[in-house]
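Visitor: Chains V and W, in that order, give the protein sequences. Each residue of the first sequence is one higher than the one before, starting from 1 at the first, in my numbering. Each residue of the second sequence is one higher than the one before, starting from 1 at the first, in my numbering.
Careful, some of the hints might be misleading.
For identical chains, the list gives no copy identity; a pair is met inside one copy or between any two copies.
[Said to hold, decoys possible] Simulated crosslink set (DSS-like; lysine-lysine; CA at most 27 Å straight-line):
| id | residue 1 | residue 2 |
| --- | --- | --- |
| 1 | Lys78 | Lys43 |
| 2 | Lys90 | Lys78 |
| 3 | Lys257 | Lys49 |
| 4 | Lys217 | Lys253 |
| 5 | Lys90 | Lys118 |
| 6 | Lys217 | Lys193 |
| 7 | Lys90 | Lys72 |
| 8 | Lys49 | Lys90 |
| 9 | Lys187 | Lys150 |
| 10 | Lys235 | Lys257 |
| 11 | Lys167 | Lys325 |
| 12 | Lys325 | Lys49 |
| 13 | Lys246 | Lys217 |
| 14 | Lys43 | Lys72 |
| 15 | Lys193 | Lys72 |
Honestly, the hints are just simulated from the structure, not real lab data. Predicted, not measured: the structure shown is a model, and the values here were computed from it.
There are 2 protein chains.
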Amino acid sequence: MRIVIDGMGGDHAPEEIVKGAVAAARDIGDEIFIVGDPAAIRKQLDVCKYEGNQIQIVPAHEVITMRDSPVKAIRQKKDSSLVVGLNMLKNGEGDMFVSAGNTGALIVGSRLILGRIKGIDRPALASIYPDMTGGDPCLLVDAGASSESKARNLLEYGLMGSIYIEKVWGRDNPRVGLVNLGAEESKGTSITKEAYQMLMNSQLNFIGNVEGRDVPKGVCDVIVCDGFTGNVILKLTEGVSLSIFKLIKEALKSNAKAMLGGALVKSKLSGLKDEFDYEEYGGAPVLGVSGPVIKMHGSSTERAVRSAILRGLPYAEENVVDIIKEEMQDVAEFIEEE
Amino acid sequence: MRIVIDGMGGDHAPEEIVKGAVAAARDIGDEIFIVGDPAAIRKQLDVCKYEGNQIQIVPAHEVITMRDSPVKAIRQKKDSSLVVGLNMLKNGEGDMFVSAGNTGALIVGSRLILGRIKGIDRPALASIYPDMTGGDPCLLVDAGASSESKARNLLEYGLMGSIYIEKVWGRDNPRVGLVNLGAEESKGTSITKEAYQMLMNSQLNFIGNVEGRDVPKGVCDVIVCDGFTGNVILKLTEGVSLSIFKLIKEALKSNAKAMLGGALVKSKLSGLKDEFDYEEYGGAPVLGVSGPVIKMHGSSTERAVRSAILRGLPYAEENVVDIIKEEMQDVAEFIEEE
Numbered sequence: 001m002r003i004v005i006d007g008m009g010g011d012h013a014p015e016e017i018v019k020g021a022v023a024a025a026r027d028i029g030d031e032i033f034i035v036g037d038p039a040a041i042r043k044q045l046d047v048c049k050y051e052g053n054q055i056q057i058v059p060a061h062e063v064i065t066m067r068d069s070p071v072k073a074i075r076q077k078k079d080s081s082l083v084v085g086l087n088m089l090k091n092g093e094g095d096m097f098v099s100a101g102n103t104g105a106l107i108v109g110s111r112l113i114l115g116r117i118k119g120i121d122r123p124a125l126a127s128i129y130p131d132m133t134g135g136d137p138c139l140l141v142d143a144g145a146s147s148e149s150k151a152r153n154l155l156e157y158g159l160m161g162s163i164y165i166e167k168v169w170g171r172d173n174p175r176v177g178l179v180n181l182g183a184e185e186s187k188g189t190s191i192t193k194e195a196y197q198m199l200m201n202s203q204l205n206f207i208g209n210v211e212g213r214d215v216p217k218g219v220c221d222v223i224v225c226d227g228f229t230g231n232v233i234l235k236l237t238e239g240v241s242l243s244i245f246k247l248i249k250e251a252l253k254s255n256a257k258a259m260l261g262g263a264l265v266k267s268k269l270s271g272l273k274d275e276f277d278y279e280e281y282g283g284a285p286v287l288g289v290s291g292p293v294i295k296m297h298g299s300s301t302e303r304a305v306r307s308a309i310l311r312g313l314p315y316a317e318e319n320v321v322d323i324i325k326e327e328m329q330d331v332a333e334f335i336e337e338e
Numbered sequence: 001m002r003i004v005i006d007g008m009g010g011d012h013a014p015e016e017i018v019k020g021a022v023a024a025a026r027d028i029g030d031e032i033f034i035v036g037d038p039a040a041i042r043k044q045l046d047v048c049k050y051e052g053n054q055i056q057i058v059p060a061h062e063v064i065t066m067r068d069s070p071v072k073a074i075r076q077k078k079d080s081s082l083v084v085g086l087n088m089l090k091n092g093e094g095d096m097f098v099s100a101g102n103t104g105a106l107i108v109g110s111r112l113i114l115g116r117i118k119g120i121d122r123p124a125l126a127s128i129y130p131d132m133t134g135g136d137p138c139l140l141v142d143a144g145a146s147s148e149s150k151a152r153n154l155l156e157y158g159l160m161g162s163i164y165i166e167k168v169w170g171r172d173n174p175r176v177g178l179v180n181l182g183a184e185e186s187k188g189t190s191i192t193k194e195a196y197q198m199l200m201n202s203q204l205n206f207i208g209n210v211e212g213r214d215v216p217k218g219v220c221d222v223i224v225c226d227g228f229t230g231n232v233i234l235k236l237t238e239g240v241s242l243s244i245f246k247l248i249k250e251a252l253k254s255n256a257k258a259m260l261g262g263a264l265v266k267s268k269l270s271g272l273k274d275e276f277d278y279e280e281y282g283g284a285p286v287l288g289v290s291g292p293v294i295k296m297h298g299s300s301t302e303r304a305v306r307s308a309i310l311r312g313l314p315y316a317e318e319n320v321v322d323i324i325k326e327e328m329q330d331v332a333e334f335i336e337e338e
């Protein structure tokens, strides 16, 4: 496999990106291309004392920043690391693209440069979501690629998420749940009601509606929702978790007895915090475009970059894009019939 | 004030409802009417050793259950505690109605029996939401009265929530925030973008968009969102909080050192849990209908019932319904102009 990495995207680029690539290179034999400012990347490779030829530098002299408007940036910054990297995928010079850059630009770029898979109306961002009861994490689709979704988009999310989990995570017959405001099929908006029926009539292992309180409890493998709801779920989960851990930290400093107890439980509580650590799980795949693209968190450090590469690799190796293409032929007919 | 209570609504009716009413009666001089099965209510009043005449029983011989379809129940169960109670408000025999019964039926009943305030397109359920940084709680509108909202509904929620907080909680110039997937005004769905402009052009103290991660941080007094999103936010917050507290409890039992530490921090952690205790804050007002209606949690116990009555009382005393009516005359013109 030829892994292409956006060397200039993210808060800690190129330093942490290069470090993560070097760390990943120790575990795999695949070629790694880091796209971006050659001097800056070379410098960081030297800092890492990297001397092999498994990692190569691909020059790109522009950078898409977080403040850039996605569509404009893709059209105008042709020599940016993000556009150059996606073009390598398109031209068959790479098999997977990984970036911690501007999320909107990465999604728009994937759609414009790689193109949508035939039959997919809206590509989606699939984010890893923890199971707070201690089980394996699940996949939340859409995490914010679109802000509005039609019922057929929700069906597509369920389908793509299922295939990804089966092929990349090796989990059989993934359970698909639809985020809704009640468990009954009669509940929800006109869109969730229609999506419920489409999911129920599909070949997916659809377990029905999932209420907000069950989202963190690992009740399904693929959590399907529109991108607005997905964005709120991810950020709210982060906000509530961090707020509680902060309150606990403060409470455990409030008097001598609590401080002593706090010292004794410290390692246990840090362990818990790690369970919600997105860095370990790898990046978020962009699903529905004609090539394996992985979005890393903007603040990704070495460890997150390494995880994103290693855990994302089966997205390319298992030909997940081709499998989605095949499945969509059947589903497209099914959607037409509906 | 004449407070009317649904004696038969909720998981622990009539026992806990009656206990809560008796507890509230000790703190206020207002008349309390408990509507429902006279024998069952009388029996519970005897259990509470209540002998005064501040609390009176109003007979109603039907009960709307959680499984009843709201519209059908309101139309058919004319002698239910919920319908009889709402009719007392309508006929001027009561000044406030409090119920822990079927939420959908209470909202539909309020709309059909009391009627909407002129200019209000959609009544809303306003739920109390904790500030997890330790500050005063805020109000989330809509918590699920409607599953879909237009931009003008979101403006109405902001307006009604502001008035409620100002008059009932005595908080000046409440800050209004709009739940959205990004902070910038260009972000979101077509509806949130339109609502952003309407809120910005209104007389409200609009602070802009609020992302999921900031919702639990007390950044505003009124959190405005559609009822679908509101329902997900409330239930997800509950799910994440409870899951974390459960994980902590388990972690603190895992070995001898952690158990000792756990014993020392136990009271601190229980204290934290209380901060998220909805029972203490009182019930959720139904806003936008022509009478003060308060929804209590279905599993309300004595303490929750007492809080809902005491904390909800200013909703009636301060003539909040009349103030919303007046304000809506101006806003209705403003909405027409838009």
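Visitor: Are the hints correct? Go through all of them and say.
Guide: Hints versus structure:
Proximity of Lys78 and Lys43 under a CA criterion of 27 Å is satisfied intra-copy only: 24 Å inside one chain copy versus 80 Å between copies. Taking CA atoms no more than 27 Å apart as the test, Lys90 paired with Lys78 passes inside one copy only; the shortest distance there is 14 Å, against 67 Å between copies. Taking identical chains as interchangeable, the C-alpha atoms of Lys257 and Lys49 are never at most 27 Å apart, the minima being 48 Å within one chain and 42 Å between chains. In this homomeric assembly, Lys217 and Lys253 come within 27 Å of each other (Cα to Cα) only across copies, at 21 Å, whereas the closest approach inside a single copy is 30 Å.
When the C-alpha separation of Lys90 and Lys118 is checked against a cutoff of 27 Å, the pair qualifies only within one copy, where the shortest distance is 16 Å, while the shortest distance between copies is 58 Å. Within a single copy, Lys217 and Lys193 get their C-alpha atoms as close as 23 Å, which meets the 27 Å cut-off; across copies the closest is 33 Å, which misses it. Within a single copy, Lys90 and Lys72 get their C-alpha atoms as close as 20 Å, which meets the 27 Å cut-off; across copies the closest is 58 Å, which misses it. For the homomeric pair Lys49 and Lys90, neither the shortest alpha-carbon distance inside one copy (32 Å) nor that between copies (80 Å) is at most 27 Å.
In this assembly of identical chains, Lys187 and Lys150 lie within 27 Å of each other by CA distance both inside one copy and across copies; the values are 16 Å within and 19 Å between. When the C-alpha separation of Lys235 and Lys257 is checked against a cutoff of 27 Å, the pair qualifies neither within a copy, at 34 Å, nor between copies, at 34 Å. Taking the shortest alpha-carbon separations for Lys167 and Lys325, only the intra-copy value of 14 Å comes in at or below 27 Å, while the best inter-copy value is 58 Å. In this assembly of identical chains, the alpha carbons of Lys325 and Lys49 never lie at most 27 Å apart, being 42 Å within a copy and 72 Å across copies at closest.
For the homomeric pair Lys246 and Lys217, the shortest alpha-carbon distances inside one copy (22 Å) and between copies (11 Å) are both at most 27 Å. Taking identical chains as interchangeable, the C-alpha atoms of Lys43 and Lys72 are never at most 27 Å apart, the minima being 30 Å within one chain and 72 Å between chains. For the homomeric pair Lys193 and Lys72, the shortest alpha-carbon distance between copies (21 Å) is at most 27 Å, but the shortest distance inside one copy (36 Å) is not.
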